[in-house]
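Chain residues, written in single-letter form:
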Amino acid sequence: MTTATGIRTLTLREIGPAERGTRPEEVVIALSPAFGDPFTKTIVDVPHAEVIRQLLAGIEEQGGVARTIKVYRTADLAAIAHFGAKLSGSGIAVGILARGTTVVHQRDLARLSNLELFPQAPLLDAEVFRMIGANAAQYAQSRSPRPVPTRNDQMARPRWQAKAALLHLKEFECIDHARAAVEVEPVITRVD
Amino acid sequence: MTAVEPRPQTSEVRASKRTEILENRPVNLDGFVEEWPEKGLVAMESDFDPQPSIRVEDGRIVELDGRTRDQFDFMDTFIADHAIDVDTCEQAMATESVEIARMLVDPRTSRADVVALGRGLTPAKILDVVKLMNVVEIMMGMQKVRSRRTPANQAHSTSAKDNPIQVAADAAEAAVRGFAELETTLGVLRYAPLVAIGLQVGGQVGRGGVLTQCALEEATELDLGMRGITAYAETISIYGTESVFVDGDDTPWSKAFLASAYASRGIKMRFTSGTGSEVQMGNAEGRSMLFLEIRCILMAKGAGVQGLQNGSISCIGVPGAVPGGIRAVAAENLVASWMDLECASGNDQSFSHSAMRRTSRLVPQLFSGTDFVCSGYSGVPNKDNMFAGSNLDTEDYDDWNTIQRDMQVDGGLRHVREDVILQMRNKAARALQAVFAELDLPAITDEEVEAATYADSSDDYPDRDVLADLEGARSVMERGVTGLDLVKVLERSGFGDVAENYLQVLRQRVSGDLLQTAAIFTGDFVPLAAINDANDYAGPGTGYRLSGERWEELKKLRHVTSAENPEEEVV
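If you're matching them up, the sequences are chains A and B in order.
The UniProt record's numbering applies: residue 1 is where the first sequence begins, and numbers increase by one.
The UniProt record's numbering applies: residue 1 is where the second sequence begins, and numbers increase by one.
Bear in mind the hints are in silico, worked out from the structure with no lab data behind them.
All C-beta atoms, glycine included, are put in the ideal place defined by N, C-alpha and C.
There may be inaccurate statements among the hints.
Unchecked claim - Lysine-lysine pairs mimicking DSS-like chemistry, simulated, CA-CA at most 30 Å apart: (1) K131/B - K170/A; (2) K488/B - K383/B; (3) K163/A - K17/B; (4) K163/A - K41/A; (5) K163/A - K131/B; (6) K161/B - K488/B; (7) K161/B - K383/B; (8) K41/A - K170/A; (9) K383/B - K163/A; (10) K86/A - K41/A; (11) K86/A - K170/A.
Stated by the list, open to error - A few chain A residues facing chain B, derived, Cβ under 10 Å: (12) D37; (13) A75; (14) E171; (15) E173.
Stated by the list, open to error - Cβ pair distances, simulated, as ranges: (16) D73/B - V187/A: 39 to 49 Å; (17) K86/A - E491/B: 50 to 60 Å; (18) E553/B - S144/A: 50 to 60 Å; (19) T11/A - F32/B: 30 to 40 Å.
With the hints as extra help, turn the sequences into a complete structure.
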């Protein structure tokens, strides 16, 4: 592999323990144990830096504010997102696994219920992440956005299912039951 | 990026033209991964699987595959207490694995003998036996141990728009083409009552005796079955590790209870399981996919259900990606049949981009015959398949019919002339139109009936008023509409023959014939099951052979040159 120019890298700088926010328009982005470190990209090689950049841009465009936390105790997306929602000032969170599977959650919903679910990680690209961010910000402002259009690909299973299982197993290995969630600052560096 | 784009180039080293051509073959769109046995990402040969063992004390199994009773998880307990024959297990376990494998292959050993021996084996011992068998030997075994003599097939009938008219028309076509069972599922779950009615009515138009089901969350599925709007159920998932069961808030006992709820109303049902699901969910507990699937098979047996849908089903991408995975899937089907269960052997769910690979996974089972060769051949174009696509779809009908004719094998289908298909599709749509009118559901227009007659996919139908339909669906449930109500409506609206077929399906519920292992109906409502159509294969010249009327039917294809007049085709 050659090092291409213009690639963005993501560093998650720890700020402190993840605590409950107070700003009513806040969206929490809740990251899974392997997101950003040790993994750097989704199942279809979308850099995690790009995922975060697009989510943040989508939230900002709609006048929202974002806070990012990293969860270590579980790799269950519903649990990660619901935990994030409980810490969110608005009650809205975007939960995301290292491989890219994403959900928009709300603290008053049951854990296995949610606002919008994007189960097919291979179909999520920069554009979709931006729309997800934008919708999350609108939910946080008590607006009713049109759900992000779902994509379907009947050949995703033969192409990606086993890699998804492998990535899931790897993410499981990053679970640290003893480590509480932390608030992080995403630092995106562009390599030119 | 999607699943049909080539992989990004990762090397700047110049490749040969041949490599470039190979790189662009569909098979290279498939996903492949290395084995990781410690986590269960391995098909069937893992050092982490337990060694076979059994010990009985006071008529109770106290040791199973290296664990003593105090170490049992709830799967071990359920299997030890309900699935293994305590009286014969010590003797059965003492038989050499290679001897048992030979018995499975040898046509001179009767099915009854090998099934009886199987009742005394533990999961690790069963794995030890099938690990010795190559894929041809597995199919030799399958030919003998499948429970029903006559093979059959099952179709998916779904709509990307949840359009009940499309489902009815495609169900009628699938029925007349020969499928014995039809299943549907939804994009928008609230549409279920209307789509289930469409499936049932359409299914009874093509021919009598087709069984239908609507795959949903368990409570609604059971409700539709109890009402007689559907006739069977098969999406009762079971898993091979305690941790995955617990994740789903289930236990072997809760699933057994659900099974008994169906049985109490004469509703045919089977469980669903398959290799790869536990590793997919991250809880394989370090066991191979096939070992865990064998535990599922014994769980199904212990719960007393008549059958199992296995063959990896929705996790097929996982065994498909590891070495020997498709052989393991074939072996799991063999074990289900050997354990005397009806086996719907998979071959559904999109499995590969490669036509050659898709066919080679299917063909051994098509040749040996299984109770249902596909657990869902897509009876609609794959883009309308709400089970996320199938290994085969409507575009493959003529290929399937030709393979049956080439090899003189019965894959459960037949070629049907265009005029018959159009007539059946039209009649199904009109029958549903009448049912909707009588039940005050949102009208089905003549334009929709016309579209259904000639359509291929959901694109070819006028859009429905979805909100009005959902309101109608809700009212069907609230008014307590039952299968018997639908029979009356069909009778009143001039579809007496469809009503008669539907009534027969409901009457069979009372007789309980559908609870016999591997039960299906002939077009004349004669139940065919392991009890009256038992597989009697005992070597060349025995068992199910394609001959007589059925063979004449399968000789027909879309284009066959007349021997008498070579300038014409036989119609």
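Structure-based check of each hint:
Only pairs whose Cα atoms come within 30 Å are accepted, and K131/B paired with K170/A is accepted, the gap being roughly 28 Å. Restraint check for K488/B and K383/B: not satisfied, since their Cα atoms lie roughly 35 Å apart, outside the 30 Å limit. For the hint pairing K163/A with K17/B, the CA-to-CA distance comes to about 28 Å; that is within 30 Å, so the pair holds. In summary, the hint linking K163/A to K41/A is supported, as the alpha carbons are separated by about 13 Å, within the 30 Å threshold.
Of the pairs offered as hints, the one joining K163/A and K131/B holds, with about 25 Å between alpha carbons and a cut-off of 30 Å not exceeded. Of the supplied pair hints, the one linking K161/B and K488/B holds, its CA atoms being roughly 28 Å apart against a limit of 30 Å. Between K161/B and K383/B the CA atoms are separated by roughly 11 Å; this keeps the pair inside 30 Å, and the hint holds. The hinted pair formed by K41/A and K170/A meets the criterion: a straight-line CA distance of about 14 Å does not exceed 30 Å.
This hinted pair checks out: K383/B and K163/A have alpha carbons roughly 24 Å apart, not beyond 30 Å. Of the pairs offered as hints, the one joining K86/A and K41/A holds, with about 27 Å between alpha carbons and a cut-off of 30 Å not exceeded. As the CA atoms of K86/A and K170/A are separated by approximately 27 Å, the hinted pair is consistent with the 30 Å bound. The interface hint given for D37/A is broken, as the beta carbon of that residue sits about 20 Å from the closest beta carbon of chain B, more than 10 Å.
Given the 10 Å rule on beta carbons, the hint for A75/A holds: about 7 Å separates it from the nearest Cβ of chain B. Against a cut-off of 10 Å between C-beta atoms, the interface hint on E171/A holds, since the closest Cβ of chain B lies about 8 Å away. Against a cut-off of 10 Å between C-beta atoms, the interface hint on E173/A holds, since the closest Cβ of chain B lies about 9 Å away. Evaluation of the 39 to 49 Å hint for D73/B and V187/A yields a pass: the beta carbon distance comes to about 45 Å.
Against the hinted window of 50 to 60 Å, the Cβ-Cβ separation of K86/A and E491/B comes to about 57 Å, which satisfies the hint. At roughly 57 Å, the beta carbons of E553/B and S144/A sit within the given window of 50 to 60 Å. For the pair T11/A and F32/B, the supplied restraint of 30 to 40 Å holds, since their beta-carbon distance comes to about 33 Å.
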